[in-house]
Each structure stands twice: as C-alpha cells, then as structure tokens.
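Now for the letters of each chain:
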Amino acid sequence: MNEIEFLSWVRGPGFQIATVIFVAGIIIRLGETLLLGRKANLAEAKGSEMSSGLRTVAARMLPPDRETFKRSTFTIVAGYIFHIGLFVTIFLYAPHILLIKDVIGFGWPALPSQIVDAFTVVSLIALLAILLHRLTDKVLRHLSGPEDYIVWFVTIAPLLTGYLAFHRLGGSPVMMLAIHILSVELLMVLFPFTKLMHTFTLFLARWYNGAISGYRGVES
Amino acid sequence: MSASLEKGIQALKEQVDSSVASFFSSCVHCGMCADACVFYTETGEPELTPITKTEPLRRIWFSEYTLIGRLMKTLGLAKRVDEQLLSDWETLVYDSCSMCGRCSMVCPVGNDITEMIRRTREGIAAAGHAPEGLIGATQRSVTIGSPMGVRLPALQAQIKHIEKDTGMSVPLDVEGAEYMLLLSSMEIMNFPEFIEAIAKIFDKAGATWTISSEAFEATNAGIQIGVSDIAATLVQRVVDAAEKLKVKTVISPECGHAYMAIRWEGPNLIGKPYNFKVRHILEVLDDFREQGRLTLTGKESQKLTYHDPCQIARRGGVIDEPRNLINMFAENFVEMPENGKMNWCCGAGGGVASIERAEDLKLLAFKHKKSQLDAIHVEAIVSACSTCRMQFEESLEEYHMDIPIISLTETIAEHIAEDK
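So the protein lines, in turn, are chains A and B. Numbering-wise (the numbering used here), the first sequence opens with residue 1 and increments by one. Numbering-wise (the numbering used here), the second sequence opens with residue 221 and increments by one.
Simulated from the structure, these hints should not be mistaken for laboratory data. Take the hints with a grain of salt, since some may be wrong.
[What the hints assert, rightly or not] To be clear about the criterion: a stretch of chain B counts as covered by chain A if any three or more of its residues have a C-beta under 8 Å from a C-beta of chain A, and this derived list gives those stretches:
#	stretch
1	242-255
2	279-289
3	488-502
4	558-565
[To be verified] Distance condition first, Cα-Cα at most 27 Å in a straight line; then the derived BS3-like pairs of lysine-lysine:
#	chain 1	residue 1	chain 2	residue 2
5	B	K384	B	K424
6	A	K70	B	K590
7	A	K70	B	K561
8	B	K492	A	K39
Just so it is clear, the structure is predicted and the values come from calculations on it, not from any experiment. The C-beta atom is built at its ideal place from N, Cα and C for all residues, glycine as well.
With these hints in hand, go ahead and build the complete structure from the sequences.
The structure is reproduced here in structure tokens:
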C-alpha cells in the first residue's frame, strides 16, 4: 500500500469503520447507563429535581467558588485551555467543517486558520503540562492507570499530527494527512469505551448530582 | 466464593443504578475531590482521595453492567471484587470518610461521590467488614433501641430531673400532639439541656409536643454502617410511633445523620411516603420565628460563628434557618471563610466518631476546622449536631483552643422572653 492508497483507506473504509464503532459505541454506553433506571424519591421534596439538575449541568461548566479554584488552580485552568482548544480545532477549522458538512449535511463559519493554529499550540502545551502534572502529583499518580495515559495519547495525537500536517512538517504531506486522520479514527474507536465518554455522560452525572441535592433544597 | 463475599457482591449490585453508572462513566481522574476532603487535606495521603473509596462499587458496575466490562470479565480480564479488596477498603469507606458531601460539590463532571461511598458501604458491611464500633452501635440500636444502649428508664430519669428542676412538663406518649420529638442518645445522656430547651420554647410558642416511649431514638446506625434493612427497621419504629400518636410532624433533633436518615432516606428505605411531616428542629424554630411565636430577649455581644453540620446543611438543606435564628440574638455574628453548603466537616460524622481506631485520624481531620476558626477569632461557636459538638469539645481541648461550642436550640431557649 502506497501513500495515496493509505490515505484513501483512512478516508474511506477506515473512517467508516471508526464512525460505526464511535456512534454505535456511544449509543450502547448511553443505553446501558440509562436503562438501569433509578427509583423515584419518596421523601417530601424541598426543591425541584428537574430545574436543580439542569442548573448543576450549567453551573459545573463555570469556574467553581474562589477557594476551590485556589486549591485546584492548575487542574481547572489547564482543563479549560485544552477543552476550549479541542473545541476550536475540531469544530472551527475550515477543512473539518467541510468534512462534517459532508457527513451531516450542514456546516457553519470557520475561524481563520492562523487563529486555529494558535489554539492548537496552546492546547498542545496545556496537554503536555497536564501529563507532567499527572506524572508528578501524588494524588494523580495514585489515581492514574494505563487508561489515563492511553486516553491522553489518543487526545494529543490528532492535535499534534494535525499541527504537523498543517505546517508540512515531519514527512510527506500526504502521509502526514493520512496519519492525522488515522489518529482521529483511533480516538473515535476508543472513545465509547474509555473515560472519553465523560463528554456525554457528564451531562447525566451533573443532572443526577443537581437533582439529588436540589430535591433536598441545596444548589449543588 | 464465600457466603459473605457473595452477600457483599450482591449488595453492591443492588446499589448500581443509572446515577451510579453515569458517575463512574464520567470520572476523568482529575483529583479535585482530594482537595475537597478533610481526610486528604489534613493527612496528605493520596489513598484517601474520595473517588478511590468507591473502587469496589466501580468494579461491580464495570464488570456487571457494561458490555465491555462483561466481555472482559468473561475473558478473565476485569478486576474482581474479592474478600481482600472489601477488607482493605473497610478503613477507607468508614474511618476516613464522614459522608460530609464536600467532594460531591466540587467534582467538575458532577459525580455525587459521597453517595457512591455511601453505597459502597452497603457492600462492605454486607460482607462483614464494617468496623467493630459501628457493628456494636448497630446491634444495640436493633436490640435496645439506642446505639449507646440508652433505655427508656434512663430517659424517664432525665425527664424527671428536668421536670423537677424547671417545673415544666415533658410530655411522654401524648396522643394527638402536634409534634413528636426524637432525641439522640447523646442528647439524653450528655446534653439533657436540649430537652429542657424544647420544653421551654414549645411552652412559650404554644405548641403541643410529645416524646414516644416506643421510639425516642433519632439516630440510625443502619445508615452509618450502610445496611439498608436495619436502617429501614429503625425508621419503621419511628413511623409506627408517629402514626400511633397521630402527630402532624416528627422533629429530628440536633444530630446530623439522624436528619438524613429520617427526613431524606427514611421513606425510600421503607418504600412508602410518610403520612406526617419530618422537620429538623431548626426548621421548626424558624417557622415559630416567622409566625411570631418566638420572642427573644437580650443579645449575645460576644463574637459568634455558626458551624454547619454537613448532614443538616450541605446534605440536608437546612442552611438559612440557623442564620435567621442566630440573627435574633447575636450582635456580632461572623461566618467562617467557607460556610453553608461549602462548609468544612468537623471530621467526626458518618460514623467516624464510633470507630475507636479512627480516634487519631478524627483529631487530625479537625485541623481544617481549626484553621477556619483561627481565621475569624470568635468567642463562641454555635452549632446543631451532638456529634459535631463532642468532636469540637474534644478537639478544641486537644489543640488548646478555649472556645465554647454551644447548641443553637439551647441558646434560643436561654433568650426566650419570660413574660408572654
């Protein structure tokens, strides 16, 4: 298989396989979670489950109270940076929007590629700092297992290969583009079966947290 | 597999629902829960990170309730829950967690980690790995009716003392009273002033109340140890007594987990809603205040603060009421740097106080509270939980801090206007 054949495989069958696993996997994971169900609360309510749940979904998107922020500054700041960076690079880069338009039928305006490039660099630095933090902080070392490092790798790989391909570094442009797409497919395949699923399940988790707390009259 | 391990695994399985599955699916191992936990901040031991304490439940969720986990279990690749794990986790879920709920407030993905630990306790207790102190307290609760072994004659003796000293009556088994008061054994034995305070306040407020001779104990060791069957039995006793005496409202006293047990977990444990209300004593007093039935006289000029008991405030929803009440008599009230739903735990709740081997850890955990107190220089601390109160008394002495800790209800009683 030469470069061109490799590129057309990752663009064609490779991408299709990854998409099927990604979509089916997410549906299975959300299904097996939600179908477990939950008993209704029989205690007399002091607040609403629904509105408190929704409130917590939104509230935990924002920075926490000042003291919590002070205690976990690095985790919070670095976390925001790379999540925003990932969002911008995935969803606001012109070629990505074209691809998405191909799949779902509609697109949206892109950011200039220089700006996306800047976000990529900042995200790469944040992710490297996050790895260093995970390797050196005693709590994170205690919590971390192979999955945490694998997930870190499959998250940074598309960013790095995309950056290299964009700047025509590290090999032939065709090969670099193919490797970039392959790295995204790796991310998609692992997504439903790792902690990457938090992208979707955190909405459920936050809702339950807010509902449990809000039922008792406390905003969480 | 031994019978006890089987029971433990079964109990854990029963705890998995869509909320637990969402929580485990969402954890990204960020470690922020550690910074919210007194047992981590005061020891610096990463093993005490809250989410770590849920590992037995996580393994059951993963290997039994996810497709990939079941596949891995079939291939022998999933991590198993064995006797060793449950035994190793005993100290993590009991000695070093007070169920304070602070971790649940900071988790960025929204996991209610405290609830997850509470559920993990069910499995560990069912497998026979609960701490001796808690097992003893639970057994005494079931057989005698009190975790401290307090029987009716002891309560009657205290009542007699109070009636003799004050000339007021403490009604026992009065059918049709509006309120039925529950008491913690600690209040009966160590702080009987609380009963006296209730008699005085309710008399002035013109409210009828009673204590049931059949169910006067408020605490629920079944909740603390994590055995739902026993917790339900203890709740049912209160329900039966309240129905028998036809009261409108059951009052949970100044005790944190008692409120969690009877107010929030109770109906779910027995599987049906109550036909009476349950209120914390501070809610009742705040109602009296609002209705103009609470007239106080004299002010406290000393600098005061309020310690929020976790199960009453963050986990229970009683946050504004104590502040409304304190404002009635305090001239110089200051909040701790983090208060209300973000207050720091005293370190003794959730059963920790009943575990003898956790004594040193409990004192160490108090250091966070100490640093909060050091920041505000108060002359007295007001609170509303007997366990907090005991912990403060012991710890303040240990750390040579000469600050009294007083009960909010008792302080209100001291300021009740005599002429009505």
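Tested hints:
1. For the stretch 242-255 of chain B, the stated coverage by chain A is satisfied: 12 residues place a CB nearer than 8 Å to a CB of that chain, which reaches the threshold of 3.
2. Three residues within the 8 Å Cβ limit are the bar, and the stretch 279-289 of chain B against chain A gives 4, so the coverage statement holds.
3. Here's how the stretch 488-502 of chain B fares: 7 of its residues keep a CB closer than 8 Å to some CB of chain A, so the rule of at least three is met and the hint holds.
4. Requiring three or more residues with a Cβ within less than 8 Å of a Cβ of chain A, the coverage given for the stretch 558-565 of chain B holds, as 3 such residues are present.
5. For the hint linking K384 of chain B to K424 of chain B, the alpha-carbon distance of about 19 Å falls within 27 Å, and the restraint holds.
6. Distance restraint check for K70 of chain A and K590 of chain B: the Cα-Cα separation of roughly 19 Å lies within the 27 Å cut-off, and the hinted pair is therefore satisfied.
7. A threshold of 27 Å between alpha carbons decides the hint, and for K70 of chain A with K561 of chain B the separation of about 18 Å falls inside it, so the pair holds.
8. Using a Cα cut-off of 27 Å, the hinted pair K492 of chain B and K39 of chain A holds, with the two alpha carbons roughly 12 Å apart.
Of the hints listed earlier, there is not a single one the structure fails to meet.
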